[in-house]
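J.: The hints should help you fit chains B and C onto chain A, whose structure is shown.
Residue numbers (the numbering used here), protein chains in the order written: chain A, 1 to 311; chain B, 1 to 238; chain C, 1 to 225.
It is worth saying that the hints were derived from the structure and are not from the lab. One or more hints might be untrue.
What the hints assert, rightly or not - DSSO-like mimics (lysine-lysine), calculated; alpha carbons at most 27 angstroms apart, straight line: (1) A:294 <-> A:308; (2) A:126 <-> A:261; (3) A:267 <-> A:116; (4) C:76 <-> A:91; (5) A:261 <-> C:112; (6) A:126 <-> A:144.
What follows is each chain in one-letter form.
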Amino acid sequence: MMPKNTSSRVGALITLGTVVVGLVGCSSGSPLSSSGNGASAPSGTITVGSAGFAESEIIAQVYAHALAINNIEVSKRLTIGQRDVYLAALKDGSIDLIPEYSGNLLQYYNANSTAKSGPDVMAALKNVVPSGFEVLDQAPAEDKDSYNVTAEFSAAYGVRSLADLASLTIPVTVGANPEFAQRPYGIPGLKGTYGVSNVVLAPVSDSGGPLTVKALREGSVQMADIFTTSPAIHDNNFVTLADPQNLIIAQNVVPLINSAKASSKVKAVLNAVSAALTTEDLVALNGKNQGDEKIESGILAKEWLAQKHLF
Amino acid sequence: MSEILLALGWIANPVNWVGVAGIPNRVGEHLSYSSVTVLIAAVIAMPLGVVLGHTRRGKFWVVPVAGALRALPTLGLVTLLALLLGIGIVPPLIALIVLAIPPVLAGAYSGIESVDRHTVDAARSLGMTEWQVLTRVELPLGLPLVIGGVRSAALQVIATWTIAAILPVGGLGRYIFDGLPVQNYAEMLAGSMLVIVLALVADGVFALVQKGVIPRGVVARQSASSSDGGTRRRLHAD
Amino acid sequence: MNWVWTNFGLIWELTLDHVVLSAPPIIAGLILSLPFGWLANRFRLSRGILLGIAGLLYAIPSLPFLVAVPTLLGTKILNPVNLVVALTVYAVALMVRTTADGFASVEPDVTKSATAIGYSRWWRFWSVELPLAGPVLLAGLRVVSVSTVSLVTIGSIVGVNTLGYFFLNGLQRNFPTEIVVGIVATVLVALVFDAVLVLAGRVLMPWTAVERAPRRGAASIMGSS
Chain A
1 MMPKNTSSRV GALITLGTVV VGLVGCSSGS PLSSSGNGAS APSGTITVGS
51 AGFAESEIIA QVYAHALAIN NIEVSKRLTI GQRDVYLAAL KDGSIDLIPE
101 YSGNLLQYYN ANSTAKSGPD VMAALKNVVP SGFEVLDQAP AEDKDSYNVT
151 AEFSAAYGVR SLADLASLTI PVTVGANPEF AQRPYGIPGL KGTYGVSNVV
201 LAPVSDSGGP LTVKALREGS VQMADIFTTS PAIHDNNFVT LADPQNLIIA
251 QNVVPLINSA KASSKVKAVL NAVSAALTTE DLVALNGKNQ GDEKIESGIL
301 AKEWLAQKHL F
Chain B
1 MSEILLALGW IANPVNWVGV AGIPNRVGEH LSYSSVTVLI AAVIAMPLGV
51 VLGHTRRGKF WVVPVAGALR ALPTLGLVTL LALLLGIGIV PPLIALIVLA
101 IPPVLAGAYS GIESVDRHTV DAARSLGMTE WQVLTRVELP LGLPLVIGGV
151 RSAALQVIAT WTIAAILPVG GLGRYIFDGL PVQNYAEMLA GSMLVIVLAL
201 VADGVFALVQ KGVIPRGVVA RQSASSSDGG TRRRLHAD
Chain C
1 MNWVWTNFGL IWELTLDHVV LSAPPIIAGL ILSLPFGWLA NRFRLSRGIL
51 LGIAGLLYAI PSLPFLVAVP TLLGTKILNP VNLVVALTVY AVALMVRTTA
101 DGFASVEPDV TKSATAIGYS RWWRFWSVEL PLAGPVLLAG LRVVSVSTVS
151 LVTIGSIVGV NTLGYFFLNG LQRNFPTEIV VGIVATVLVA LVFDAVLVLA
201 GRVLMPWTAV ERAPRRGAAS IMGSS
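Okay, chain A solo, but in the shape it has when bound:
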């Protein structure tokens, strides 16, 4: 009816659309897209993933920065979730590399494995990793799941080891991630290895984080699964229960990588990183990341690499 108005409206719409598309195009093409959600990164790029807890993210950042310093293209996908989820992502190619823990990974692929010590676990692990993937050298650094109680509980019930739990007459609730109900080192392991049957899981999805710690401190749960390198154990005077039967086997940090992306250069870089990573390092890094300083994982990774004079 009034062509002038219509065409000016259409013109405005096109301009607006172009601006929006331009902004969107700008953002995905920016150098920041090294952390972008690119559905498939260009081949040759290594996508580093991390699990849903802080330490995994720190180590993943260390890997990512180490590779980047050596001029290898890297992209990151952080806080993917727990093992079942990120292994599925590894399998379908969404990620290529993820920091893992030797013992838990071994038990994931073979729940009946009898390997307990560091070297045994690594040997067994190398055999069960699916073809197309491999584990590189392990680090001396170790971080285990551990059962913890408050100092008061330990004193009151004389509980210092997992073996003491079977003789407890009170019902015990353990705070841990939901998958704890099925993991070999979790509820089934307590039953099978130590004969503890009166344990119930209270699922807290923070991987031994502040909510789990709070629950243990306040008595909503009597035990909690907290990682050994977490500052919370020391800060709260928790008692880590001894594990004489090695229910929880060696847990050395080890990179799990898609073989297609594991060039000799990549392997060299990651092995150098692993050789330098100690348990004390993990404790210190966690302290800075989750303690009062609250330093971001990326910054910590760069600091650690500089401090170790790697590359």
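T.: Then chains B and C, alone, in the frame of chain A:
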């Protein structure tokens, strides 16, 4: 498709009907969390919305404030309040009440405000007090929209209590957060289907209530008029 | 707030990721809802069916839907397309009702006059019905925009990079400040989107600004409240 069959199989499995993690208990938890949330949100937001709608005040800030509250991401609120207030049901409850307030407020406000001014003026000229105008004219006419606000809130609340299961609370969200780390799709899909059914049932109940509270005179007039207007039609009393 | 400056790179990165994920569902939601909304308004039967389906889709809780999408579409687990698809479905479900109401609010007399002058149905839709339904559509789109930006944060639970990362990371590290930064950033993105929509509305529907003025004047003359 096969996953849906697995999920149905999971629901049919009698093992999943027993105990704390059983379907009846989780449904019960989810329902009670949701009802308490909507109730408290209604107690806070309905009187406020009704008064504002009646006095025609707040026209310029009710909508933006409701919109701003709607912009707060629930996951953020839930995690923040959990850190500040500890574990338990209170932190997620507060987060979800904040989520439920905007639709209830908007519904209450627009319900009262949409009543035709002429009708209200007529009531006043008859000598009705403000309170009588509110309770005998505006509220009955505006009730469907007011209930519509509560209905919209209920739907959102039922859907969003699933997110709260990132914390150690019960409800149908547990099936999702417990199934996710072990990739148990049957459990996760079953949980989602149950939430959907619950939401649809609640929605249906509210729809019936909404129809039921329309005053008789209004219904007669609507069926007399031929056009099928949208929900934006003004409500006239006969 | 020192933390904000130190980590500004990360905050900006995730904000851009968040924006890129939020925009497509909103735009697609509007475009896809047009045919459905128009159909819903046209026939009584289709209105019931379409609004019913929309209600059903909207009732699907976000997280489970997000988890189910890779199985339904056969996409990779971490693919952000999963999130965009899920959010588009919600956007369409929300917008269909608004679009139907919008078209319903167009005075039948106007459309009849247009037909009488000789407008074809197609041309009438684009130059009469759609512009007149515009304000209602815009209001609905603003609601969809806010809820989409907020929902994108859920993507972080399944490994998609969004501002929701700050919630999960802050929870893990007992760091409320980080969570607050995430909330504020999300709200700011929602505000920017809203401003863009309002601006687009003013540009595309200039008559709505003119409409408001005389009504106020007339009302004061007639002395009504």
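J.: Taking the hints in turn, state whether each one holds.
T.: Going through the hints against the structure:
{"no.": "1", "hint": "A:294 <-> A:308", "in the structure": "21 angstroms, holds"}
{"no.": "2", "hint": "A:126 <-> A:261", "in the structure": "17 angstroms, holds"}
{"no.": "3", "hint": "A:267 <-> A:116", "in the structure": "26 angstroms, holds"}
{"no.": "4", "hint": "C:76 <-> A:91", "in the structure": "10 angstroms, holds"}
{"no.": "5", "hint": "A:261 <-> C:112", "in the structure": "66 angstroms, violated"}
{"no.": "6", "hint": "A:126 <-> A:144", "in the structure": "20 angstroms, holds"}
Hint violations for this structure: number 5 only, all remaining hints satisfied.
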